[in-house]
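Generate coordinates for the entire structure from the input sequences, incorporating the hints supplied.
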Amino acid sequence: MSESWRARLSRPASAAGLGAFRALFGLLMCFGTLRFLARGWIEELYVRPEFHFSYLGFEWLRPWPTWGLYLHFALMFVAALALAVGLYSRLSAAAFGLLFTWAELFDKATYLNHYYLVSLLALLLVVVPCGNACSVDSWRARRRGEAPAPVAWAHYGLLRAQLFCVYTFAGLAKLNSDWLLRAEPVRGWLLQFADWPLLGRLFVAQPSAFAMSWAGALFDLSVVPLLWWKRTRKAAFALALVFHLSNWLMFPIGIFSWLMLVSLTLCWDPDWPAALLGRWSRVPHPRSCSRDERPLRERSPRLVGRTWLALAGAYLLLQFLLPLRGLLYPGELNWTEQGFRFAWRVMLIEKTGSVEYEVETPRRRFLVSPRDELSALQLRMLSTQPDMIHEYALHLARRYSDEGPVKVRARAYASLNGRPSQPLIDPEFDLASAPLGLGPAPYIVPLERPGAELAAR
Amino acid sequence: MRRRDFVGCVGVGAAALVLGRACLPEDTVDVRRRLLRSWTSELAIGDYQQLVSASRALGARAGELRDEGGDAELTAARQAWNVARAPLKRAELFGFGPYLEEPERFGPKLDFWPVRPDAIQAVLAGTGVLNALSARSLGAPAKGFPALEYLLWEPGVAAQDFAGSRRGDYVVALAAELERVAQALLDAWSAGFAESISEAGESDDELYPTLPAALGAMVQQAAVLIELIRGDKLAKPLGDSAGGVPQPEKAESQFSQRGMQDILDNLDGVRMLLFGAESPEVLGLSRYLERLKPQLSSRLRVRFEAATAACAEVRLPLTEAVVRAPELLRSAEKALGDLQRMIQVDVLGALSVSVGFSGNDGD
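Chains B and H are the protein sequences, given in the same order.
Going letter by letter, the first sequence gives residues 33 to 489 in the working numbering.
Going letter by letter, the second sequence gives residues 223 to 585 in the working numbering.
Everything labelled a hint here was simulated from the structure, so no lab data went into it.
Honestly, I wouldn't trust all of these hints.
[Said to hold, decoys possible] Restricting the straight-line Cα-Cα distance to at most 30 Å, the calculated cross-link-like pairs of lysine-lysine (DSSO-like) are:
no.	chain 1	residue 1	chain 2	residue 2
1	H	Lys458	H	Lys556
2	H	Lys556	B	Lys439
3	B	Lys439	H	Lys458
[Said to hold, decoys possible] Covered by chain H, per the in silico footprint, the following chain B stretches (three or more residues, Cβ under 8 Å):
no.	segment
4	205-214
5	220-232
6	450-462
All of these numbers come straight from a predicted model, not from anything done at the bench.
All C-beta atoms in this analysis are idealised placements derived from N, C-alpha and C, irrespective of residue type, glycine included.
Next up, the structure:
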């Protein structure tokens with residue numbers, strides 16, 4: 033990288049925007065952790081199920097005993113709170129990120145795109161100086177007589193690039209025939225609101241589904257650049273506000289909308305907290321959040337190191353390549369779901385399924401319902417995701433292995449975006465004979481009607 | 223636009239959206255809400271009310287049997303058992319919540335099967351007092367419908383064996399306990415559980431966070447019941463997990479030979495949930511489904527009728543059919559499997575409930 037680029041990326045910027053993001057993110061995570069506890073999800077997702085789905089390579093990671101789980105989430109709350117107030121900010125970010133990610137790795141069935149984003153943002157807060165403003169850390173530094181340290185544009189750039197990845201890949205994923213030519217699954221989702229007064233009729237009208245599908249794709253593809261560009265920033269944020277709040281109002285997607293709105297503040301002018309507080313509250317804004325330091329050009333810039341830039345570049349390259357890995361697999365990605373996770377395929381499909389297993393041992397041949405040992409969430413995820421169907425088949429093979437060689441076949445059917453149900457897994461394929469891996473799954477039955485067809489509804 | 227104006231506009235917009243969420247859904251017009259209310263009040267509570275009154279009648283017949291010990295009294299008691307059984311089996315669709323979950327867990331107290339004759343014989347051989355009060359402390363295998371069935375239909379037992387005997391006292395005590403548990407189950411539904419389903423999304427009750435989630439869960443219950451019929455009520459007696467050797471002792475209602483009727487009653491409950499009933503108060507899912515996917519609604523009806531017909535085709539008692547007509551049972555199992563799959567995949571898919579369906583956040 034040339035020195036001019038490095039110098040450009042190292043230009044100092046106000047730490048206030050980053051500090052405000054850290055504080056808001058920490059508060060949101062505090063709320064999210066409390067909500068997780070309050071809704072009894074520890075019991076429902078981790079304690080009650082007798083079986084847990086693993087990520088490849090993390091089979092050794094299992095949920096703690098019940099008391100350990102509660103301790104884990106209590107520590108997660110403390111770390112999020114410390115992050116919010118900026119106490120040992122980067123250490124808190126590391127602790128929160130580790131605890132959060134660890135919990136996510138307990139069970140693949142709980143995977144959510146925004147949980148993945150939380151893990152990544154926590155990681156990024158470790159590698160950027162997120163405690164330089166709006167924090168106990170900066171307050172303590174001032175008390176020690178240390179000058180407030182600015183942050184570099186590269187720090188904002190890294191976080192913005194992460195958001196760019198999220199929205200752009202979410203937008204690209206929507207560029208498929210179902211989304212654009214059939215308005216599915218938006219059409220199906222909107223039908224849920226047919227009984228709403230005033231808006232109900234509007235929602236069920238076919239043009240509405242198309243308009244919302246296309247608008248959603250356009251929004252995802254354009255929002256970050258529009259936010260980045262100063263002239264369109266306000267309009268873009270108003271758009272984002274409408275988009276995310278309407279999603280939050282219409283669908284039970286928890287803190288996802290708020291996480292995105294908080295994250296989008298990173299695209300604002302880094303000095304926005306000072307500007308906002310100065311103009312709207314008429315109260316003196318905290319020194320660390322304000323333009324209280326010398327003008328930027330007078331500050332001595334703290335350049336980001338070559339190593340930091342190299343690692344950031346490698347990280348972004350990975351973030352760019354990871355969502356594209358789905359292209360390496362044969363078949364319709366939304367059907368096979370190979371390369372679906374960690375690829376920002378957000379609110380993209382409506383898929384339902386059912387699965388039961390036929391177990392064959394030298395002594396007997398019988399059906400097994402996974403319902404007996406799985407939670408409702410696990411069962412729902414299992415029924416549509418081939419890799420989980422395979423993993424559970426291997427679990428059944430181990431369970432009956434004392435009866436001799438075991439064959440396990442899956443009777444799995446699924447429906448994608450309103451299509452009639454069809455087999456998802458080859459019913460003759462012995463899943464117990466295939467090891468788990470990252471290669472193309474030979475047992476997935478191709479989607480029978482992948483093209484664009486406007487099914488009569 | 224000045225910054226102040228911009229923030230003001232955004233604030234007003236956000237407030238309008240938040241207020242909108244509170245104001246927009248109107249229970250009175252939402253067909254899904256009407257469906258849930260109908261299912262909980264007319265199907266679940268309605269059947270449990272019938273169960274309570276039929277259990278009371280069974281108690282009266284049991285008393286007469288103990289007092290008189292005649293063949294007519296035995297026949298009447300058996301008939302009363304059969305009558306009381308029907309609403310329980312129709313309502314098996316609602317075998318969750320207080321039926322299944324601690325601390326109430328009324329299900330096993332009402333219907334623990336396959337019956338364990340040893341547990342019942344142990345009570346018969348005992349010397350302790352047998353009355354409505356002592357029956358409360360009996361374990362699930364020694365009470366409920368299956369235990370009563372065993373006592374009334376046990377091979378080699380005659381009507382006079384009930385007259386003034388411990389067997390007679392046992393039957394009376396179990397009938398009283400049955401009525402008590404049925405009443406408690408009805409009370410649990412009436413006192414708030416039904417409302418936690420029908421008013422989903424309207425309060426902080428987290429059983430079902432949204433109306434679509436509650437609707438999806440209820441429809442899923444139909445598939446769960448059909449899976450239970452296939453796995454427990456058909457596959458086990460057929461001996462699927464025993465190398466294909468028929469296991470008639472694992473059949474439901476094996477002494478009264480009501481096993482297939484139990485299944486048909488189960489399906490009757492599913493029918494009412496899916497298609498409603500003659501009474502205008504009982505609404506069926508098809509009413510909503512027709513609006514979403516009319517073709518699917520009619521295909522569902524065809525598949526349901528096929529499954530019911532396949533079950534009705536089994537005219538032998540279940541314990542005999544597993545030996546003499548297993549192919550009919552296999553055919554019924556297959557038709558039920560097709561129906562289950564259509565409900566789980568196509569119908570739930572049409573309802574578009576997969577986002578956040580579980581209560582956990584979606585996407």
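Stated coverage of the segment 220-232 of chain B by chain H [criterion: 3+ residues, CB within 8 Å]:
This one holds; 10 residues, not fewer than the three required, reach chain H with a Cβ under 8 Å.
Verdict on chain H covering the segment 450-462 of chain B, criterion of 3 CB contacts below 8 Å:
holds (count 3)
Going straight from one Cα to the other, do Lys458/H and Lys556/H come out at no more than 30 Å?
holds, 15 Å
Tell me whether the statement that chain H covers the segment 205-214 of chain B is true, taking a Cβ distance below 8 Å and needing three residues at minimum.
violated (count 0)
Is the straight-line distance between the alpha-carbon of Lys556/H and that of Lys439/B 30 Å or less?
holds, 21 Å
Just to be careful, I want the Cα atoms of Lys439/B and Lys458/H compared with a cutoff of 30 Å; is the pair within it?
Measuring from Cα to Cα gives roughly 20 Å; hence the hint holds.
Violated hint for the displayed structure: number 4, the only one.
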